[in-house]
Amino acid sequence: MGTEVTLSWHEAAMASHVGWMRQLSAVKAGKQDCHGYDGEGWSEHIEGACGEMAVAKLLGIFWDGSVNTWKANDLPGLQVRTRSRHDFDLIVRPNDDNDARWVLVTGRCPEYRVQGWIVGSAAKRPEFLKTYGGRPAAYFVPAAELIAMEAIHGR
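Residue numbering for the sequence shown follows numbering that gives the first Met the number 0, starting at 0 and increasing by one per position.
Be a bit skeptical, because a hint or two may be false.
[What the hints assert, rightly or not] So the derived label-pair ranges between C-beta atoms look like this:
| no. | residue 1 | residue 2 | range |
| --- | --- | --- | --- |
| 1 | 59 | 29 | 19 to 25 Å |
| 2 | 132 | 97 | 24 to 30 Å |
| 3 | 93 | 8 | 37 to 43 Å |
[What the hints assert, rightly or not] The calculated lysine-lysine pairs, modelled on DSSO-like cross-linking and capped at a C-alpha distance of 27 Å, are:
| no. | residue 1 | residue 2 |
| --- | --- | --- |
| 4 | 70 | 123 |
| 5 | 27 | 56 |
| 6 | 70 | 129 |
| 7 | 56 | 70 |
No lab work stands behind these hints: they were computed from the structure.
All of these numbers come straight from a predicted model, not from anything done at the bench.
Heads up, the beta-carbon is just placed ideally off N, CA and C, and yes, glycines get one too.
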(Lines of atoms letter the chains of each structure in order from A and count residues from 1; the text may use other names and numbers.)
(Lines give C-alpha, C1' and ligand atoms only; values in the text may rest on other atoms or scores of the structure.)
Protein backbone atom coordinates (compact mmCIF):
# COMPACT_ATOMS: atom_id res chain seq x y z
CA MET A 1 0.00 0.00 0.00
CA GLY A 2 1.06 3.60 -0.26
CA THR A 3 2.22 5.82 -3.07
CA GLU A 4 5.85 6.67 -3.69
CA VAL A 5 6.68 10.38 -3.95
CA THR A 6 10.11 11.79 -4.77
CA LEU A 7 10.72 15.43 -3.97
CA SER A 8 12.75 17.42 -6.45
CA TRP A 9 15.83 19.05 -4.97
CA HIS A 10 14.07 22.42 -5.13
CA GLU A 11 11.08 21.01 -3.22
CA ALA A 12 13.39 19.35 -0.68
CA ALA A 13 15.32 22.60 -0.20
CA MET A 14 12.15 24.62 0.35
CA ALA A 15 10.65 22.10 2.80
CA SER A 16 13.98 21.73 4.63
CA HIS A 17 14.12 25.49 5.12
CA VAL A 18 10.61 25.44 6.61
CA GLY A 19 11.61 22.62 8.98
CA TRP A 20 14.71 24.56 9.98
CA MET A 21 12.59 27.68 10.64
CA ARG A 22 10.15 25.65 12.76
CA GLN A 23 12.92 24.27 14.94
CA LEU A 24 14.67 27.63 15.22
CA SER A 25 11.40 29.25 16.27
CA ALA A 26 10.82 26.55 18.91
CA VAL A 27 14.35 26.96 20.29
CA LYS A 28 13.99 30.74 20.37
CA ALA A 29 10.68 30.45 22.24
CA GLY A 30 12.18 27.97 24.72
CA LYS A 31 9.72 25.23 23.75
CA GLN A 32 10.54 21.72 24.88
CA ASP A 33 9.96 18.64 22.74
CA CYS A 34 6.59 17.08 23.43
CA HIS A 35 5.47 13.66 24.61
CA GLY A 36 8.80 12.66 26.18
CA TYR A 37 10.71 12.92 22.90
CA ASP A 38 14.45 13.31 23.40
CA GLY A 39 15.66 12.91 19.82
CA GLU A 40 17.05 15.39 17.32
CA GLY A 41 14.48 18.16 16.84
CA TRP A 42 16.24 19.70 13.85
CA SER A 43 16.05 16.61 11.65
CA GLU A 44 12.54 15.75 12.85
CA HIS A 45 11.19 19.17 11.87
CA ILE A 46 12.92 18.99 8.48
CA GLU A 47 11.60 15.50 7.72
CA GLY A 48 8.13 16.51 8.93
CA ALA A 49 8.03 19.49 6.60
CA CYS A 50 9.29 17.33 3.72
CA GLY A 51 6.51 14.83 4.48
CA GLU A 52 3.96 17.63 4.23
CA MET A 53 5.46 18.67 0.90
CA ALA A 54 5.24 15.05 -0.33
CA VAL A 55 1.51 14.87 0.46
CA ALA A 56 0.88 18.23 -1.22
CA LYS A 57 2.78 17.06 -4.31
CA LEU A 58 0.82 13.80 -4.44
CA LEU A 59 -2.54 15.56 -4.12
CA GLY A 60 -1.60 18.46 -6.39
CA ILE A 61 -2.41 21.06 -3.73
CA PHE A 62 -0.59 24.12 -2.47
CA TRP A 63 1.57 23.80 0.67
CA ASP A 64 2.17 27.12 2.41
CA GLY A 65 5.05 25.95 4.62
CA SER A 66 3.65 27.73 7.64
CA VAL A 67 5.67 28.23 10.83
CA ASN A 68 4.26 28.66 14.37
CA THR A 69 0.79 27.39 13.51
CA TRP A 70 1.11 24.42 15.91
CA LYS A 71 -2.31 22.70 15.98
CA ALA A 72 -3.56 24.12 12.67
CA ASN A 73 -3.85 21.78 9.70
CA ASP A 74 -0.60 21.06 7.85
CA LEU A 75 -2.52 21.07 4.56
CA PRO A 76 -6.15 22.00 3.90
CA GLY A 77 -8.17 19.56 6.03
CA LEU A 78 -5.17 17.32 6.76
CA GLN A 79 -2.68 16.62 9.53
CA VAL A 80 0.52 14.91 8.35
CA ARG A 81 2.77 12.67 10.44
CA THR A 82 6.13 11.62 9.00
CA ARG A 83 8.07 8.57 10.20
CA SER A 84 11.50 7.44 9.07
CA ARG A 85 10.80 3.76 8.37
CA HIS A 86 8.19 2.22 6.09
CA ASP A 87 7.23 -0.35 8.74
CA PHE A 88 6.43 2.32 11.35
CA ASP A 89 2.81 3.06 12.29
CA LEU A 90 0.89 6.32 12.24
CA ILE A 91 0.96 7.92 15.69
CA VAL A 92 -2.24 9.61 16.85
CA ARG A 93 -2.20 10.95 20.40
CA PRO A 94 -5.17 10.85 22.79
CA ASN A 95 -5.59 14.65 22.66
CA ASP A 96 -5.31 14.83 18.84
CA ASP A 97 -8.36 16.10 16.96
CA ASN A 98 -11.00 13.37 16.53
CA ASP A 99 -12.38 15.02 13.39
CA ALA A 100 -9.05 15.60 11.63
CA ARG A 101 -7.81 13.40 8.80
CA TRP A 102 -4.37 12.07 9.79
CA VAL A 103 -1.97 11.09 7.00
CA LEU A 104 1.04 8.78 7.43
CA VAL A 105 4.16 9.50 5.39
CA THR A 106 7.22 7.27 5.71
CA GLY A 107 10.77 7.58 4.42
CA ARG A 108 13.64 10.05 4.31
CA CYS A 109 14.28 13.02 2.08
CA PRO A 110 13.85 13.00 -0.89
CA GLU A 111 12.11 9.57 -1.11
CA TYR A 112 8.76 9.17 0.65
CA ARG A 113 5.79 6.84 0.71
CA VAL A 114 2.39 8.35 1.46
CA GLN A 115 0.81 5.36 3.20
CA GLY A 116 -2.78 6.54 3.65
CA TRP A 117 -5.03 8.32 6.10
CA ILE A 118 -7.60 7.85 8.86
CA VAL A 119 -10.00 10.07 10.79
CA GLY A 120 -8.81 10.74 14.34
CA SER A 121 -11.78 9.08 16.05
CA ALA A 122 -11.29 5.90 13.98
CA ALA A 123 -7.61 5.80 14.94
CA LYS A 124 -8.38 5.77 18.65
CA ARG A 125 -9.18 2.08 18.96
CA PRO A 126 -8.15 0.27 22.14
CA GLU A 127 -6.05 -2.27 20.24
CA PHE A 128 -3.89 0.54 18.82
CA LEU A 129 -3.11 2.11 22.21
CA LYS A 130 0.52 1.43 23.17
CA THR A 131 3.46 2.85 25.08
CA TYR A 132 7.05 2.71 23.88
CA GLY A 133 10.27 3.74 25.59
CA GLY A 134 8.63 5.13 28.70
CA ARG A 135 6.76 7.75 26.69
CA PRO A 136 3.04 8.54 27.15
CA ALA A 137 0.52 6.18 25.56
CA ALA A 138 -0.53 6.90 21.98
CA TYR A 139 -2.45 5.15 19.23
CA PHE A 140 -0.17 3.37 16.75
CA VAL A 141 -2.21 2.70 13.62
CA PRO A 142 -0.68 0.17 11.19
CA ALA A 143 -0.46 1.27 7.55
CA ALA A 144 -2.72 -1.67 6.61
CA GLU A 145 -5.55 -0.01 8.58
CA LEU A 146 -5.31 3.29 6.68
CA ILE A 147 -7.54 4.43 3.83
CA ALA A 148 -5.91 4.84 0.42
CA MET A 149 -5.08 8.41 -0.54
CA GLU A 150 -7.24 8.15 -3.66
CA ALA A 151 -10.29 8.25 -1.36
CA ILE A 152 -9.30 11.40 0.53
CA HIS A 153 -11.13 13.90 -1.66
CA GLY A 154 -14.47 12.14 -1.13
CA ARG A 155 -14.39 12.50 2.65
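Evaluated hints:
1. 59 with 29: 19 to 25 Å: 38 Å, violated
2. 132 with 97: 24 to 30 Å: For residue 132 and residue 97 the Cβ distance comes to about 26 Å; the hint holds.
3. 93 with 8: 37 to 43 Å: 38 Å, holds
4. 70 with 123: Roughly 18 Å between the alpha carbons, so the hint for residue 70 and residue 123 holds.
5. 27 with 56: 30 Å, violated
6. 70 with 129: This hinted pair holds, its Cα atoms lying about 23 Å apart.
7. 56 with 70: 22 Å, holds
Checked against the numbered hints above, the structure breaks hints 1, 5 and satisfies the rest.
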